[in-house]
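Both chains come to you apart, so use the hints to assemble them.
In order, the protein sequences belong to chains A and B. Just so you know, we're using my numbering here: the first sequence kicks off at 1 and counts up by one. Just so you know, we're using my numbering here: the second sequence kicks off at 317 and counts up by one.
The hints are simulated quantities; they were obtained by calculation from the structure and are not laboratory data. In this text the structure is predicted, and so the values were computed from the model without any measurement. Any given hint could be a false lead.
Unchecked claim - Below are the PhoX-like pairs computed for lysine-lysine, each with C-alpha atoms no more than 25 Å apart in a straight line:
no. : chain 1 : residue 1 : chain 2 : residue 2
1   : A       : K21       : B       : K420
2   : A       : K220      : A       : K122
3   : A       : K73       : A       : K62
4   : A       : K122      : B       : K597
5   : A       : K123      : B       : K597
6   : A       : K89       : A       : K73
7   : A       : K279      : A       : K62
8   : A       : K123      : B       : K601
9   : A       : K279      : A       : K89
10  : A       : K122      : B       : K601
Said to hold, decoys possible - Computed footprint of chain A on chain B; a stretch qualifies when at least three of its residues, placed anywhere within it, have a C-beta under 8 Å from a C-beta of chain A:
no. : stretch
11  : 343–351
12  : 410–422
13  : 526–540
14  : 543–549
15  : 576–587
Note that beta-carbon positions come from the ideal geometry of N, C-alpha and C, so glycine has one too.
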Amino acid sequence: MQRKSIAMPGAAERRSFPALKRYIQHRYYFLMLLPVLAYFLVFHYAPIYGVLMAFQDYRVFKGISGSEFVGLKHFRELFDGLYFLPVLKNTLIINAYKIVFGFPAPIILALLINEVMRPRFKKWVQTISYLPHFLSWIVLSGIIIEMLSPSRGALNVLLMELGFQPVYFLASTDWFRSVLVSTEIWKGVGFSAIIYLAAIAGISPELYEAAEVDGISRLKKVWYITLPSIAPVIVIMIILNSGSIINDDFDQIYNLLNTNVLSVGDVISTYTYTEGIAKMNYSYAAAVGLFKNAIALVMVLTANTIARRFSDQAIF
Amino acid sequence: MKIKTTPGERIFDAANVLLMLLLIVVTLYPLWHVLNASLSDSGRLMGHSGLLLLPQGFNLDAYKLVLGNPAILSGYRNTIVIVVAGTALNLAFTILGAYTLSRKSFMLRNPIMLAIVFTMFFNGGIIPTYLLINNTLHMGNSLLALIVPGLISSYNLIIMRTSFQEISESLLESARIDGAGEIRILLQIVIPLSMPVIAVMILFYGVGHWNSWFGAILYIRDRDLFPLQLVLREILIQNSTDSMMAGAAMGDREAIGESVKYATVMVATLPILFIYPFLQKYFVKGVMIGAIKE
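Chain B extracted, bound-state conformation (with noise of 0.2 Å):
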């Protein structure tokens, strides 16, 4: 841009930018903290208090006891089947929804719209809702529990069926005149020409899965269903880190304790923080497709 800048400019533009630092400190702080906390010697990590800029000496004995966890193992393993199980069932029954939602021609296509759309403003309840999975279907206690109630996203569908409208009917009709059915059109040419939005749905789905809790309070009642955020839950919140340290001196056990719940943040985090840098514009463009929408 070619403006001449006033001196009144040039003091906001450097405490803008000042601004935005201190609002990246505020925000990567508490997970370099973590970091490294997690690294450093538990009995020195106990003698620190307050800010911690860099790990006080260095020690993987957390992130040991944190891998060789029965409890965290088991977790980590549900957690996997329920994203990777999960995402898949989310992406197909979404694209099922959004791809016949999507087309002008069909007939019913508003009035069920409509239907989705209210069950966004209003649905009945987590008692209704845990009765009908733990009582009438008796889902409970298996991780069906927490993948079948929530197949289809109204927001995602809605995302995805914006992004399906967009490819153009002409397109369409041609394969139709060369012979394709309904459902080879869908595999065949508009699966493929919506690679960005899968990736926003894979995003939104599987994160929602590695970071979702509520399910497995309610339905499991088998520990070794747990899925990872539950054991992490009793490890951060409940503060129960003695399973982790039956060997340990009773004098050794607090300091312990504290540097493996945050190795056990540090292994519940990372597969976010790794994917993160690649998928985070398709994330962006997901929201943004949503917002045409809107």
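This is chain A alone, in the form it adopts within the complex (with noise of 0.2 Å):
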């Protein structure tokens, strides 16, 4: 009762002073938002700011305000050094491999799911295909340092029983990008098959049921509806995904990553950590990151252009 009647004089006061008024009837939304935004400013918009410092000959001890303005020296030196044109390199080949093979992938089992014609086994082929999503790279990583050991592991037992030579899948430069574009997949194929599930789901079954009357096949089924009733959810992941040419993934490569294919698997984000907090270049590190951050965000953007534009699906 009492908040009543301090939001009375608000209310009085609508004609001369209607923003006035909203805000006073708003003051719990600001209130409770106030924790929100101060959040996002401090670790989201901070950090914005501090990517000055790929400007910067930055020290710790002067900060962003008083460290020297050097313009584009890290950014040339990023071209014009030995070191990161190789790792851009690994990086735009590893993530070229884990869309063309992990893009259509979940899309694939989530047409296979759906046409599972016992409901029972299907539920357990859902449920079990996402259980890896849930673990993280570290005890993956165990377990697949384990599978492949060339020793012990399972897959080198199988080889050598077929009669091939053991591989050292991890230690070689010919495989170590195949096993993470596997692992990766491996790990992420049913979870991200949920939401084409969850498309195909909502799709009317009258469409199928006309096509039955139709006497159409299983598979035209599957290129004639189910297909373009998901397109629309396709676009929408193909331009989330966009920025994934450049971003790849820390967690996974950082703890299989190893001397022996450093020349093949070391990536933007591994060589930010390696130059940045065990070396302490902190500006170049910070070019090096606002390159591939900047990188990310023209892809989305022209994803999202280029999808509004063909179809009518976007995100902005």
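Structure below.
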């Protein structure tokens, strides 16, 4: 009751101060939002201000306001130096493989799960398929290291029984990227399929019934009904994932990376970590990070623009 | 369905079922292998290679070593603190943001939402974030550094906001007419109506905290504050099981080291495997709510 009596004067002033009235009406919203805004300002927008250090020779004791401004020096170093370009190349190659094989995988899995006729079995397959998503890359890396061990690992024992030489997958420059791509799909395919399964579940059964009356085969139903119906979701997922050509998976790669495969497996995030945190080249590492984040943003915005032009789907 | 099946379709159905069975095997086998290896007798495990369909012998020594290890125990304690305190704070902050931003009448709703979504696609990168948390805010070497910087996940905020938007405005309006303030409406109407999405949030945030380790690598120097995953990392990836086997003879060390690794994986994974069957239906729901928004 007391609250109401405070609100009343606001109502009386409506004619003279409409903005003030709305403010008073919404004062609890502002109050509730305050911690949220403070969080985003401090932990998301302050680091965005912090990228200024990429254009400075940042010194910890001088801070951003006191460090010397050097313009694009660090960005020139990225492209003139010996170290960054191989890392960029690794990142692009690994991510391209992950996109080519990893993006269609959950769509195919969702279509296949959807074709399973026994509902009970279907549920089991789904439930089990997204389990690995919930395990950390540390646990999974431990398992992967054991499974791929050249002497004891199940895969190599199988190879040897078939008459092949054992392969030290994690230390082989030929195999390391394949391990990254396949284990990423193994971990994520089931979870990523959920969104497509949800989209498939939303398709009107009448479409399929009409197709059945016309005697259309199951394959054609998938091609002419299911896929076009989930196309909007696919487009959205392409937009959301378009930054992943440059955004690599630190958790996975850092735990599997070893000195034998540094030449094919060192990527932007692991390189940034080594340069910035281990060697404390703050400005240079911040420049690497900014370069990556800027490209990722441009990719998402470009994909969004293209999607908006050629279909009705867009996220902005 | 009352469709007549052609031979081709029956072949496809059979092949599809086989493929799905294969998927189940490929997904579960590594975990099954780890479980069997952790229960095996360490000497016999060393002599064994290849598929491990059943434990070789039966022996809980590895678990005794793991559960008696002070580093694992303190890792567990720290992780539980982070999961409980972190998830509670995550929920409180996410609910506050999601509720206010779900109210269509709130005037700054769209600009604030845009500012939040922007952070999903652009951020300062790890170096400025690290320097902020470590040097400016002096949160280094404290569990706060593992909780506070991730208080709100924008993605989770969007899921929750979408769910709150479905609560009818007329219901809240009638509560307002009855004299309930916004905070009381949130606590007594909105939250009780949103338990499914809150369960989703607990799962997403909780599992995230349980599995996270990068923050600890960045900010935690004191070994007593290491979360479980970081202790695991030392044992599994950096191969240091030595601390657990101070008393073992040299020849046994390698053998015990193997089963200790497997037992460590199980000890760190079992909590997730136990809650998984109960909560999995909620996170499917969560992904679907997120999908509606997108």
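Hint check:
1. For a cut-off of 25 Å, the pair hint linking K21 (chain A) to K420 (chain B) stands: about 17 Å separates their Cα positions.
2. About 21 Å separates the Cα atoms of K220 (chain A) and K122 (chain A), which keeps this hinted pair within 25 Å; it holds.
3. A C-alpha spacing of about 19 Å is found between K73 (chain A) and K62 (chain A), which places the hinted pair at or below 25 Å, so the restraint holds.
4. Using a Cα cut-off of 25 Å, the hinted pair K122 (chain A) and K597 (chain B) holds, with the two alpha carbons roughly 14 Å apart.
5. This hinted pair checks out: K123 (chain A) and K597 (chain B) have alpha carbons roughly 11 Å apart, not beyond 25 Å.
6. Between K89 (chain A) and K73 (chain A) the alpha-carbon distance is near 21 Å, which keeps this suggested pair within the 25 Å criterion.
7. Our distance criterion of 25 Å between C-alpha atoms is met by K279 (chain A) and K62 (chain A), whose separation comes to about 19 Å.
8. Of the pairs offered as hints, the one joining K123 (chain A) and K601 (chain B) holds, with about 14 Å between alpha carbons and a cut-off of 25 Å not exceeded.
9. Distance check on the hinted pair: K279 (chain A) and K89 (chain A) sit about 22 Å apart at the alpha-carbon level, within 25 Å; holds.
10. Restraint check for K122 (chain A) and K601 (chain B): satisfied, since their Cα atoms lie roughly 17 Å apart, inside the 25 Å limit.
11. For the stretch 343–351 of chain B, the stated coverage by chain A is satisfied: 7 residues place a CB nearer than 8 Å to a CB of that chain, which reaches the threshold of 3.
12. Counting residues of the stretch 410–422 of chain B whose beta-carbon sits less than 8 Å from any beta-carbon of chain A gives 8, enough to reach three: the coverage restraint holds.
13. For the stretch 526–540 of chain B, the stated coverage by chain A holds: 6 residues have a C-beta nearer than 8 Å to a C-beta of that chain, and at least 3 were required.
14. For a cut-off of 8 Å, the count of residues in the stretch 543–549 of chain B with a CB near a CB of chain A stands at 3, and the three-residue condition holds.
15. Counting residues of the stretch 576–587 of chain B whose beta carbon lies closer than 8 Å to any beta carbon of chain A gives 6, which reaches the threshold of three, so the coverage claim holds.
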